[in-house]
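**Q** Protein sequence lines correspond, in order, to chains A and B. Numbered by our numbering, the letters in the first sequence go through residues 1 to 39 in order. Numbered by our numbering, the letters in the second sequence go through residues 1 to 585 in order.
One thing to keep in mind: the hints can contain errors.
[What the hints assert, rightly or not] Only pairs whose alpha carbons sit at most 25 angstroms apart, straight line, appear in this in silico DSS-like list of lysine-lysine: (1) Lys6/A / Lys38/B; (2) Lys372/B / Lys321/B; (3) Lys93/B / Lys278/B; (4) Lys358/B / Lys372/B; (5) Lys224/B / Lys358/B; (6) Lys6/A / Lys93/B; (7) Lys38/B / Lys8/A; (8) Lys321/B / Lys335/B; (9) Lys321/B / Lys380/B; (10) Lys358/B / Lys38/B; (11) Lys93/B / Lys8/A; (12) Lys372/B / Lys352/B.
What the hints contain is simulated information worked out from the structure, not anything from laboratory work.
Letter by letter, the chains look like this.
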Amino acid sequence: MSNEVKDKPDSWWYPVYAGVILTLVVVIMLLWGFSRYFS
Amino acid sequence: MSWLDWAVVVGYLSFMIFDGIRMTKHSKSVQGYFLANKSLPWWAVGLSVMATQMSAITLVGTTGQAYSDGMRFIQFYFGLPIAMVIICVTVVKFFHNANVYTAYEYLEQRFDVRVRTLTSFFFVISRGLALGVVIAAPSIILSLVLGWNLIVTIFAIGLTTTVYTMFGGVQAVTWTDVKQMFVIFFGLAVCLIIIIGNFPDHVSLPDGLRLAGAVGKLNTVDFKVDFTETYTFWSGLIGGAFLALSYFGCDQSQVQRFLTARSVDEGRTSLLMSAFLKIPIQFVILLVGVMVFVFYQFQAPPIIFQNTGSVRAAAQTEQFKEVEARYNQAFERRKEDAVEFVESGTPESRAKFLESNKEFSAARSQAIGLVKSQIATEEKKDAKDVDFSDVNYVFPTFVLTYMPIGVVGLIIAAIFAAAMSTISAELNALATATTIDFYRRLVNPDASDKQYLLVGKFSTLFWGIFACIVAVYSSNLGSLIEVINRFGSFFYGSVLGVFALAFLFRRSTASGAFWGILCGMASIAFIHNFGVLADGSGMQSLIDAKPYFKIAFLWYNVVGCVVTVAAGLLISFAFPKKENEKITA
Numbered sequence: 001m002s003n004e005v006k007d008k009p010d011s012w013w014y015p016v017y018a019g020v021i022l023t024l025v026v027v028i029m030l031l032w033g034f035s036r037y038f039s
Numbered sequence: 001m002s003w004l005d006w007a008v009v010v011g012y013l014s015f016m017i018f019d020g021i022r023m024t025k026h027s028k029s030v031q032g033y034f035l036a037n038k039s040l041p042w043w044a045v046g047l048s049v050m051a052t053q054m055s056a057i058t059l060v061g062t063t064g065q066a067y068s069d070g071m072r073f074i075q076f077y078f079g080l081p082i083a084m085v086i087i088c089v090t091v092v093k094f095f096h097n098a099n100v101y102t103a104y105e106y107l108e109q110r111f112d113v114r115v116r117t118l119t120s121f122f123f124v125i126s127r128g129l130a131l132g133v134v135i136a137a138p139s140i141i142l143s144l145v146l147g148w149n150l151i152v153t154i155f156a157i158g159l160t161t162t163v164y165t166m167f168g169g170v171q172a173v174t175w176t177d178v179k180q181m182f183v184i185f186f187g188l189a190v191c192l193i194i195i196i197g198n199f200p201d202h203v204s205l206p207d208g209l210r211l212a213g214a215v216g217k218l219n220t221v222d223f224k225v226d227f228t229e230t231y232t233f234w235s236g237l238i239g240g241a242f243l244a245l246s247y248f249g250c251d252q253s254q255v256q257r258f259l260t261a262r263s264v265d266e267g268r269t270s271l272l273m274s275a276f277l278k279i280p281i282q283f284v285i286l287l288v289g290v291m292v293f294v295f296y297q298f299q300a301p302p303i304i305f306q307n308t309g310s311v312r313a314a315a316q317t318e319q320f321k322e323v324e325a326r327y328n329q330a331f332e333r334r335k336e337d338a339v340e341f342v343e344s345g346t347p348e349s350r351a352k353f354l355e356s357n358k359e360f361s362a363a364r365s366q367a368i369g370l371v372k373s374q375i376a377t378e379e380k381k382d383a384k385d386v387d388f389s390d391v392n393y394v395f396p397t398f399v400l401t402y403m404p405i406g407v408v409g410l411i412i413a414a415i416f417a418a419a420m421s422t423i424s425a426e427l428n429a430l431a432t433a434t435t436i437d438f439y440r441r442l443v444n445p446d447a448s449d450k451q452y453l454l455v456g457k458f459s460t461l462f463w464g465i466f467a468c469i470v471a472v473y474s475s476n477l478g479s480l481i482e483v484i485n486r487f488g489s490f491f492y493g494s495v496l497g498v499f500a501l502a503f504l505f506r507r508s509t510a511s512g513a514f515w516g517i518l519c520g521m522a523s524i525a526f527i528h529n530f531g532v533l534a535d536g537s538g539m540q541s542l543i544d545a546k547p548y549f550k551i552a553f554l555w556y557n558v559v560g561c562v563v564t565v566a567a568g569l570l571i572s573f574a575f576p577k578k579e580n581e582k583i584t585a
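Excised from the complex, chain B in its bound form (with noise of 0.2 angstroms):
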């Protein structure tokens, strides 16, 4: 990186701490530090909603995704719309106007206080865990793309967003996030533009479309029936509408975005900006990769684009060498055909284009499957045992090969705001479900509301210091988007199943609740893991079970929603409510 490129980073860094840390004179009560006092605007709360979703790795792992398998992800989005309206028909209301300041503080005055510390446990130990994930992704891409060490990273990362968000509350989270919308937003289509602008002179961006789509890039929507299928119409409009529900409804970081909102309305509005806005935005965060991928037909693209120590290995290796001169020869045939079909645009041209498309991809796959033999070697595992991707690379190693000065600077800087943007309003989340569900309502209910905001900055700081901690372990975890997201759908199904037994379902008691929620994740937890038991090879983590019952894990939403809302009504009608319980709803 040059001076200038340094100097766009420090410079968004130090003013970013700076415009957090000023929030403190707002943040001096309680309610101040964790609901803004409920006096943001709609299109303030609308822009920190879409910055807490959208984090490092949407912006690293889907351009990734994208220059790799195409826009098929896109469908991933298609129920996010469906589930904002149904949570500004339930949810916003009845959250603001029960003065919560969790989500989960809600479920007592439905339930009971079992279902609430249960729910909220779930998620501190989940949202903390993710939060590593968060922080450790772009960490280990920055580190190995531009030699940084990776641990200072990760706590550069990390403390920075800890600081300002343990100092200014809720209002330095949201109007932090505002300003990193823009970076990101700006980022972005200057990063566009320039990728655009380097095509060669005889290819324009619809010749540049045409390349992309030959080769199914541009497949957006997916009507196939499959549960196996991670990405279809389906299992986006339908397992994604659950997801979103479940996140955009139920996980305390997204909730406590709308609950300072100034009014129902107002929070209404900031939901429906996400609901037009948020598939429009990854349409153009996917086509950077597909652009990217396009750009590459012209410019010999690295065969690898991680460059790790077992890279190093492999690439010495007189086998690796061969399939390299292979994968010089099959792009220089694939620029020569892409050439061909854009100029004259025939069947026949565009049949050559995919054949030598082919070949190329085929190289590639050899030289990933020589990495692998190499790290299971180092690991003494089976190679096929073995999880690598260099898909996290593509985006990061580009920018840092061709884009200008100033500019590398700039999209670095707006990694660093996808980041910090989740970072902060995760940690803030974390505070207060932590000083609120378990330390005033367990621990100290009658303490003063100096202490509780005390509670609340170092619960910031725990938190904070945990995830990094977190992130330091976690960086072998394979493709990190989908990491999360698979974290998530152990959790979310079932969080979701409770809130639906709370609003839809009056008779729903809160002994039903409780057990419908453990029977909710013990469903997830065989569906992953039926394979492992069933052959009796022992219990391995989640993360590594091959599973029998073969489901895309968006669908683990569906199931964990469906059983804990089957499973709670059964108990409760079994069981109905004793005289003393509530159904206020």
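The shape of chain A in the complex, shown without the other chains (with noise of 0.2 angstroms):
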């Protein structure tokens, strides 16, 4: 077994990660926004 693939930087990750919280945050402002919608 070997791994020929070449890993990006940890440093490339850090806007995914970012891109993760803000994506949690919007999801959870439009359930709240549906909960409140509905209610």
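Put the complex together from the two separate chains, hints included.
**A** Listed below in structure tokens is the structure:
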């Protein structure tokens, strides 16, 4: 078994992680808005 | 079930066994059998991560929970994306570069063999028992709803999965998971479309959502600060993050998923797939339950969804018949008021609908109370000590009664798929831990690859049979989805604490980690059993004990982790490492 794929540097992933957290905030806001609209 | 439904279910089961067993050719070495030679693409690993976490309990239990309690449960997953980011930053690279088969193998590199063995032991015991409940849940429900023999159903689900996992190893687990996720998605989508399509002509989807929203079924974010409330924004974000960190980062059944990825990047991508998709998928599953609730505004639901001997006995009494008559009248009133609310939308019609829904719910609660009294009489105990809930039977009963021929088979296949995807991953993880952490490390370190492979296969068979036996005995455990999470919360926090000591605190020692985890578990047992010990009534089982110090079980993960880390650090500083202890990380 050999791993010929060269991994990206850790710093490449930081914007991706930020995107995940931002998406979480947006999703929670959408859920809250959904609940408020229909309740 | 019709012949077409049977054909769909049997066809699905046969294809899964065939597909799993043909993976045997890729699993002829230990690396191939346990880690797929680290060759799997991120999307297959990502789907397998989600399939492993989504058992039949998720599908059946959460739809039922949404029907009765609404969508609050979605908050349970708020911490998951945060946990995935933390795991991507830390654990994925550590484990990949450490060239380990199990997460606990890494603990020996960092601490010593005691810590590795203890943690792996807790994993195999907790996971082995939980696996029994994972098999029991769909078996109990399907056997009751479809009239199948319970033990035959348990062994049908448990042993078919054991067979293809035993022969195909982790390749079989992953590639069957991929297909099973498609069966689940397709089944859910068809189900949702048909439910909404069966609303009365004058009721649209927004109308249905308004009806559900009026009675609080669509509340998804609760900012209340209340440690006794199970599902709030805070328990989900914080407690849920700790649980997800422990489960996805430290539990072998999930760690093994990303260890099979081609690279660190692909491992990270597979986890981030869950980070983006888990909450939307859970929303859809909960929405199915809410749509069933809306459907039952216009079609009379059964007064009790579960049809056991006790329920039938209770239904024969005069008292129950009176309650049932009141229930039927309350349903008709609620239906009229629902139609009026949909058509006019005025605050008065909304108030009227809420009032009649309250009456309807009260009649159902009374019926449930009578069933509990019946069970109490049969089992010679107090009615208040009887734990009865028919929540898990709502969705299967609805499917069998209202879904068209063929779709019933598809949904049953989806339930099987959800169960089998979880069972296979957990069986493979149990076999890996047993073979690598116990047999290879402690019993026979110099055996050949062929021998370890054989031990791996026999371990899979052993755990499969063990779990089926546990399943036979675990049928009386109330709300199964909460049982699974309660089991986990005793162990997960403390295991996470050990890994936190390993990754974050370079000065933590092997003794600190070893005694830290024991302190963590003792603290959870103390919190959970305090009331029992305080009033001197003697030790009860951890499942039955009523805690004096009441906090929701999600917070147990935080407590277990914090106590483990604190105790571990205290002991590490009090008894610093000796010269020959390693501090690699």
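**Q** Decide, hint by hint, whether the structure agrees.
**A** To see whether the hints hold, each was checked on the structure:
1. Among the hinted pairs, lysine 6/A with lysine 38/B is consistent with the structure: their alpha-carbon atoms are about 14 angstroms apart, no more than 25 angstroms.
2. Restraint check for lysine 372/B and lysine 321/B: the C-alpha separation of about 16 angstroms stays at or below 25 angstroms, so the hint holds.
3. Between lysine 93/B and lysine 278/B the alpha-carbon distance is near 23 angstroms, which keeps this suggested pair within the 25 angstroms criterion.
4. Using a Cα cut-off of 25 angstroms, the hinted pair lysine 358/B and lysine 372/B holds, with the two alpha carbons roughly 21 angstroms apart.
5. Proximity of lysine 224/B to lysine 358/B is assessed by CA-CA distance (about 24 angstroms); at most 25 angstroms being required, the pair is judged to hold.
6. Restraint check for lysine 6/A and lysine 93/B: satisfied, since their Cα atoms lie roughly 13 angstroms apart, inside the 25 angstroms limit.
7. This hinted pair checks out: lysine 38/B and lysine 8/A have alpha carbons roughly 18 angstroms apart, not beyond 25 angstroms.
8. With a C-alpha separation of about 21 angstroms, the suggested pair lysine 321/B and lysine 335/B falls inside the 25 angstroms cut-off, and the hint holds.
9. Distance check on the hinted pair: lysine 321/B and lysine 380/B sit about 24 angstroms apart at the alpha-carbon level, within 25 angstroms; holds.
10. The hinted pair formed by lysine 358/B and lysine 38/B fails the criterion: a straight-line CA distance of about 56 angstroms is larger than 25 angstroms.
11. The straight-line distance between the Cα atoms of lysine 93/B and lysine 8/A is roughly 12 angstroms, inside the 25 angstroms bound, and the hint therefore holds.
12. Restraint check: the Cα-Cα separation between lysine 372/B and lysine 352/B comes to about 30 angstroms, which exceeds 25 angstroms; the hinted pair is violated.
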